[in-house]
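Visitor: Each chain is listed here by its residues.
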Amino acid sequence: MAPKDIIDTLAGIEPGSTLDAIRARRLQARENAQKSYLSLFEPIDASDFSLAERAAVAAFVTGLHGESPVAAFYREKLAANADGAALVEPIKSEIARGTTSGPYGAFPAGPLSVENKAGPIYRVSTEGKSAFGPRLVAALEHAHLLVFRPRDAASADMKALLAAGWSTTGIVTFSQLVAFLSFQVRVVSGLRTLAAASV
Amino acid sequence: MSTVNPPVVFTQDELGWVSWIAPLPEAELTERHFAGLVDRARAKSEYFRLLVRDPEVLEARTKTDKDIFYNVADGLPRAERELAAAATSRYNGCIYCASVHARFASTYSKRRDDVQRLLDEGVGADLGERWNAVVKASVALAATPIAFGPDNIAELRRAGLDDAEIVDVINGASFFNWANRLMLSLGEPAK
Chain A
80 MAPKDIIDTL
90 AGIEPGSTLD
100 AIRARRLQAR
110 ENAQKSYLSL
120 FEPIDASDFS
130 LAERAAVAAF
140 VTGLHGESPV
150 AAFYREKLAA
160 NADGAALVEP
170 IKSEIARGTT
180 SGPYGAFPAG
190 PLSVENKAGP
200 IYRVSTEGKS
210 AFGPRLVAAL
220 EHAHLLVFRP
230 RDAASADMKA
240 LLAAGWSTTG
250 IVTFSQLVAF
260 LSFQVRVVSG
270 LRTLAAASV
Chain B
517 MSTVNPPVVF
527 TQDELGWVSW
537 IAPLPEAELT
547 ERHFAGLVDR
557 ARAKSEYFRL
567 LVRDPEVLEA
577 RTKTDKDIFY
587 NVADGLPRAE
597 RELAAAATSR
607 YNGCIYCASV
617 HARFASTYSK
627 RRDDVQRLLD
637 EGVGADLGER
647 WNAVVKASVA
657 LAATPIAFGP
667 DNIAELRRAG
677 LDDAEIVDVI
687 NGASFFNWAN
697 RLMLSLGEPA
707 K
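As you go down the protein sequences, you meet chains A and B in turn. FYI, the numbering for the first sequence is 80 to 278, going by the working numbering. FYI, the numbering for the second sequence is 517 to 707, going by the working numbering.
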C-alpha cells in the first residue's frame, strides 16, 4: 500500500484497492510518473518556462480532451497562480474554440497520403492574443497541434516558437509538458474505466 | 538542420532521427545531465541530448518508460506491450516510433508478418482476437477525445487478459501518446 499520488487522486484509486495493488507491481513507473509531474509543475528552475505558463498550457491541453477531473485539476492550478488567475476565463474560451477530434493531419507525401485527414488549424482568437501575449499565443497554437495533429509538426513550428521568444530548453520542457499530459490524461481515463468495469 | 531522405512508409527497418533544434553538445554534458540520461550511452543520441536540456524530466520519463515496457516479472508479455506501442504510433502517425516498436513486437512475438500487416494495412488489420483487442484498445486510448470505454475492457477480458495485464495495455498505449508527440514534433526520421 503506497500513499496516494497524483494519478491515484485523479483516477479515484484508494489505498488498499485492487488497482492500488496492481499499480504497486509497477513501482518504478508509478514513482516516476509522479516525479515527471513534479519536475514539470514544481521544477527546480522555471526560468525558461514560468509556472503560470505551465499551468495555462496544462489547463488548455487537458481541457481540449474534454471536461474531466484532470481538466478541473489543472484549471484550479491555473486559478491558484497569482499570474494565472486572470487567464482562466480566456483559456476556457480558447478550449471551446479549439475543441475537435483527433488525431488528424498529413503523412509525408507518398503512399500514405491516402490516409491524410483534414481538420482545423487552430489559431488563438484576437481577444486571446491580448490576454496571453506572444509567447503564450505561440505555445497554445503549438499545443493544439501536438494534441490533435502531431503528425503535421514541421521544423517551421520550432522556428515559430523560437521567434516568439522561447529558448531551445524552454521548447523541450514545454513539449515534454504537453506530451506528458497526453499520457497522464489517458492513464487516468483508462484506470477509471477499468475500476468502473470491476465492481 | 536539413531533411535527410525521410521515409514515406511505415517500416521495421532501422531509421535515424535528426533534431530540428539544437541538442546539447556531448562535451557540455555534466553529471546532472548524465543522471537525466540514465544510460550514459544515450549521450551518443541526438534525441536524448536534446531532451536532456531538462534532465529531471528526462530522467523521470525514462524510468517510467523502462518499467512499463521492460518489467516483465508479471503481467502482459513484452510482445503485446510492444504491440500497443506500435499500434499507437501507427495511429498517431509516428513512423520512427512505429519502426522501433514494430521491430521489438516482431522479435518478442515471432510474428513479423502480422506486425508488418499492422504497418501496411493500418490499425484495422485483422491480427486475431487477442492482438485485435490490444490494438483496438490502444487506438481508443489514442483518440482525442479519448474513446476507451467498457467495451474495450470487455473485449480485452474475452481475449484472456486479466486486470493487471489490462493495466499494462493502458500504461503502454498511454506512454506512446507521450513518446510520439516528442519524436514527431522535435525532429524527423531519416533513412
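Rather than coming from a laboratory, the hints here were simulated on the basis of the structure. Built from N, CA and C at the ideal position, the CB exists for glycine as well. Among these hints, one or two may not hold up.
Restricting the straight-line Cα-Cα distance to at most 25 Å, the calculated cross-link-like pairs of lysine to any residue (SDA-like) are [stated by the list, open to error]:
hint, chain 1, residue 1, chain 2, residue 2
1, A, K196, A, K208
2, B, K579, A, K238
3, B, K582, A, A131
4, A, K208, A, T179
5, A, K156, A, E93
6, A, K114, B, D642
7, B, K652, A, E206
8, B, K652, A, D231
9, B, K582, A, P82
10, B, K582, A, L117
11, B, K579, B, F620
12, B, K579, A, Q107
13, A, K114, B, K707
14, A, K114, B, L545
15, B, K626, B, G640
16, B, K707, B, Q528
17, A, K83, B, K652
18, A, K196, B, P522
19, A, K208, A, E93
20, A, K238, B, G532
21, A, K114, B, D630
22, A, K171, A, F120
23, A, K156, A, S126
24, A, K238, B, P522
25, B, K579, A, A100
26, B, K579, B, F564
27, B, K626, B, A663
28, A, K171, A, R214
29, B, K582, A, K171
30, A, K238, B, K652
31, B, K707, A, E93
32, B, K582, B, G640
33, B, K560, B, D590
34, B, K579, A, R271
35, A, K196, B, V554
36, B, K579, A, K208
37, A, K114, B, G532
Here are the computed distance ranges between Cβ atoms for each label pair [what the hints assert, rightly or not]:
hint, chain 1, residue 1, chain 2, residue 2, range
38, A, T179, B, D636, 39 to 45 Å
39, B, R646, A, S246, 44 to 50 Å
40, A, E168, B, A543, 44 to 50 Å
Visitor: Holds or violated: are the alpha carbons of K579/B and K238/A at most 25 Å from each other?
Guide: With Cα atoms ~30 Å apart, K579/B and K238/A exceed 25 Å; violated.
Visitor: Mind checking the alpha carbons of K171/A and F120/A for me, to see if they're no more than 25 Å apart?
Guide: 20 Å, holds
Visitor: Check whether the Cα positions of K208/A and E93/A lie no farther apart than 25 Å.
Guide: Violated, at roughly 42 Å.
Visitor: Assess, step by step, whether the Cα of K156/A is no farther than 25 Å from the Cα of E93/A, and give holds or violated.
Guide: Holds, at roughly 23 Å.
Visitor: Checking one constraint from the list: CA of K579/B to CA of Q107/A, max 25 Å. Satisfied?
Guide: 7 Å, holds
Visitor: Tell me if the straight-line CA distance from K652/B to D231/A falls inside 25 Å.
Guide: 23 Å, holds
Visitor: Okay, R646/B versus S246/A on CB: inside 44 to 50 Å?
Guide: Taking Cβ atoms as reference, R646/B and S246/A lie about 46 Å apart, which means the hint holds.
Visitor: Straight-line Cα separation of K582/B and L117/A no greater than 25 Å?
Guide: Given that 25 Å is the threshold and the Cα spacing comes to 19 Å, the pair holds.
Visitor: If you draw a straight line from the CA of K579/B to the CA of A100/A, is it 25 Å or shorter?
Guide: The hint holds at about 20 Å.
Visitor: Regarding the pair K626/B and A663/B, is the alpha-carbon distance no greater than 25 Å?
Guide: The given pair, whose Cα atoms are some 30 Å apart, is violated under the 25 Å limit.
Visitor: Range hint 44 to 50 Å: satisfied by the CB atoms of E168/A and A543/B?
Guide: 48 Å, holds
Visitor: Given the hint of 39 to 45 Å, is the C-beta distance from T179/A to D636/B inside that range or not?
Guide: About 28 Å separates the Cβ atoms of T179/A and D636/B, which means 39 to 45 Å is violated.
When held up to the earlier numbered hints, the structure conflicts with 1, 2, 3, 6, 7, 13, 17, 19, 21, 27, 29, 30, 31, 32, 33, 35, 36, 37 and 38 and fits the remainder.
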